[in-house]
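Using the sequences and the hints given, assemble the complete structure.
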Amino acid sequence: MPRVKRCLSVSIRIPAGQRGCYYPVFDSLRLRTMSVRTRFAPSPTGYLHIGGVRTALYSWLHARQQGGHFVLRIEDTDVERSTLEATAAILEGMAWLGLDWDEGPFYQMQRMDRYREVLAQMLAAGTAYHCYCSREEVDAMRENQRGRGEKPRYDGRCRQRTAARDGVTPVIRFRSPDGGETVVEDLIHGTVRFQNSELDDLIIARSDGTPTYNFCVVVDDWDMGITHVIRGDDHLNNTPRQMQILQALGAQVPAYAHVPMILGPDKQKLSKRHGAVSVLEYREQGFLPDALLNFLVRLGWSHGDQEIFTREEMVEFFRIDTVNKAASAFNPEKLLWINAQHMQRLTPEGLTQHLLPYLNAVGVTESLLAAGPTLPAVVALLQERSKTLVEMAAAAAMFYVAPVAGEPKDVEKHLHGQGALLATMTQALGALPNWEAAAIHSVLQELAVTHADGKMGKVAQPLRVAVAGRAVSPPIDATLALFGREETLARLQRATAWI
RNA sequence: GCUCCCAUCGUCUAGUGGUCUAGGACACUGGCCUCUCACGUCGGUAACAGGGGUUCGAACCCCCUUGGGAGCACCA
19 MPRVKRCLSV SIRIPAGQRG CYYPVFDSLR LRTMSVRTRF APSPTGYLHI GGVRTALYSW
79 LHARQQGGHF VLRIEDTDVE RSTLEATAAI LEGMAWLGLD WDEGPFYQMQ RMDRYREVLA
139 QMLAAGTAYH CYCSREEVDA MRENQRGRGE KPRYDGRCRQ RTAARDGVTP VIRFRSPDGG
199 ETVVEDLIHG TVRFQNSELD DLIIARSDGT PTYNFCVVVD DWDMGITHVI RGDDHLNNTP
259 RQMQILQALG AQVPAYAHVP MILGPDKQKL SKRHGAVSVL EYREQGFLPD ALLNFLVRLG
319 WSHGDQEIFT REEMVEFFRI DTVNKAASAF NPEKLLWINA QHMQRLTPEG LTQHLLPYLN
379 AVGVTESLLA AGPTLPAVVA LLQERSKTLV EMAAAAAMFY VAPVAGEPKD VEKHLHGQGA
439 LLATMTQALG ALPNWEAAAI HSVLQELAVT HADGKMGKVA QPLRVAVAGR AVSPPIDATL
499 ALFGREETLA RLQRATAWI
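First residue of the first sequence? That's 19 in my numbering, and the numbers climb one at a time after it.
Hint data in this document are derived by calculation from the structure and do not stem from the laboratory.
Do not take every clue at face value.
What the hints assert, rightly or not - Only pairs whose alpha carbons sit at most 30 Å apart, straight line, appear in this in silico BS3-like list of lysine-lysine:
hint, residue 1, residue 2
1, 405, 431
2, 476, 431
3, 431, 343
4, 431, 352
5, 290, 405
6, 473, 427
7, 285, 431
8, 343, 287
9, 476, 427
10, 287, 169
11, 405, 427
12, 285, 343
Here it is, written out as structure tokens:
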């Protein structure tokens with residue numbers, strides 16, 4: 019058994035019989051004085067999905083809150099599946115969300131020399147060895163073990179081999195400890211014990227010399243001085259292996275936090291059929307980055323009864339060790355609600371900045387905007403009746419582009435046979451001394467009394483359909499105020515043709 | 001098959017042995033507000049997976065069962 023090194027969050031128990039030492043070893047002093055370094059390490063084999071974003075967020079929050087550093091690392095060693103587009107999408111997604119990194123992005127493909135160097139060291143130190151077993155041989159071994167109801171694992175038959183086997187380029191395997199146990203002190207899951215006998219000698223370099231995932235991660239986390247590895251809990255089973263390699267290297271073992279995964283609304287694994295899984299799709303759908311982050315941070319974590327968090331509050335209140343252990347289901351309705359809440363809390367000016375691209379997307383150009391009412395004023399009216407920026411852009415368009423035709427259903431219901439009323443309204447509004455919401459409101463109220471038994475709805479709805487083209491809009495007085503008199507009268511005039 | 005993880009309303013969660021006839025939020029739903037749509041506001045429906053322990057006392061501790069999930073690659 020290799021010498022046990024001191025490390026941060028692990029202890030190794032010597033099997034009964036070999037008396038003596040228990041290496042407790044939680045160096046709390048060191049943990050407190052060492053500056054925090056976390057990382058997010060996606061592999062660029064697809065879009066940046068929502069589950070990845072949450073682990074990125076947790077890592078980022080922990081680093082920001084502790085005044086530490088957040089490192090971005092791209093794990094692109096799977097040459098077959100990694101693409102430049104995916105890398106670009108990841109960076110763009112992170113940037114959109116404002117999850118800024120202090121170091122990187124580092125690319126594993128650019129670190130090959132370093133991996134080979136470490137590999138050579140391990141070979142020399144005897145913590146790794148060449149294995150000449152053929153795939154067939156290993157497959158047969160596993161087949162056999164499965165047949166006996168055992169967990170398939172390499173039996174270490176090349177450990178003692180000193181001579182090369184002709185015509186075979188060997189892989190390199192890690193020489194894992196035979197007995198005892200490896201204990202992960204996970205910040206989220208607590209103490210998790212693994213019997214070392216469960217872990218076999220894993221391949222750390224392929225026969226073509228390229229290093230494998232578990233090895234690269236270890237070397238990178240070590241080199242980059244990562245103090246807290248925050249990642250999906252699908253990696254919990256990899257952790258003891260990584261810890262063993264770290265120990266064999268004489269490196270300090272970081273603290274681990276394995277965050278549960280995100281499930282679809284049906285509690286099944288989140289996939290495309292659940293709708294959007296890529297972050298950038300959420301941007302397209304009109305979600306505010308802070309709202310998405312707020313939703314994600316609450317999925318598996320809470321701070322009293324608080325639901326809405328600003329970015330600053332997240333950084334202040336978030337604690338990685340209070341994250342829930344159980345997987346949680348993605349709830350689109352709640353995301354929508356949180357987004358609406360964030361939209362309401364922004365100032366009209368602030369929200370306007372977010373809205374601009376979406377307006378352009380629906381054809382409201384800069385020049386149309388310049389010719390119409392001031393945008394923050396429109397935003398202020400729409401702010402508490404829009405759940406997404408897309409929805410808001412659609413509603414705002416009406417202020418800059420007059421409807422060419424009324425919604426048939428609404429015209430039928432509210433405008434049909436109202437020619438006289440429209441004419442009266444046109445006249446009354448045209449005669450109004452000052453064009454402002456309160457004055458418009460008074461006029462409409464008078465009209466309601468004189469023409470509609472005092473029912474405001476009987477006046478407001480026909481008017482609304484006439485100027486907005488549909489039966490839904492912000493309060494009609496405020497809407498007309500923003501249109502301006504000229505535009506309002508023009509629209510009324512045009513609407514007479516719809517009747 | 002083996003190893004590991006997980007388990008409170010439909011969903012996200014609060015709850016760490018008595019203050020729980022289990023709290024909040026989304027969704028759903030009834031009322032109020034109201035020119036439409038929203039917002040807001042007041043109310044309602046709705047949960048400790050099951051079984052054993054431990055204890056004077058268990059949602060909280062232990063064990064088992066059940067049900068989910070992950071891993072067991074020359075993928076990451």
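Consistency of the hints with the structure:
Proximity of residue 405 to residue 431 is assessed by CA-CA distance (about 27 Å); at most 30 Å being required, the pair is judged to hold. A distance of roughly 11 Å separates the Cα atoms of residue 476 and residue 431; the hinted pair therefore holds under the 30 Å criterion. A hinted pair counts as satisfied when its Cα atoms are at most 30 Å apart, and residue 431 with residue 343 does not qualify at roughly 54 Å. Of the supplied pair hints, the one linking residue 431 and residue 352 is violated, its CA atoms being roughly 34 Å apart against a limit of 30 Å.
Annotation: proposed proximity of residue 290 to residue 405 holds, straight-line Cα distance about 23 Å (limit 30 Å). Between residue 473 and residue 427 the alpha-carbon distance is near 21 Å, which keeps this suggested pair within the 30 Å criterion. A distance of roughly 44 Å separates the Cα atoms of residue 285 and residue 431; the hinted pair therefore is violated under the 30 Å criterion. With a CA separation close to 16 Å, the supplied pair residue 343 and residue 287 stays within the 30 Å bound.
At roughly 16 Å between alpha-carbon atoms, residue 476 and residue 427 fall within 30 Å of each other, so this suggested pair holds. The suggested pairing of residue 287 with residue 169 holds, with an alpha-carbon distance near 25 Å, which does not exceed 30 Å. Taking the CA atoms of residue 405 and residue 427, the gap is near 24 Å; set against the 30 Å cutoff, the hint holds. Taking the CA atoms of residue 285 and residue 343, the gap is near 15 Å; set against the 30 Å cutoff, the hint holds.
Violated hints, in rising order: 3, 4 and 7; the structure is consistent with all others.
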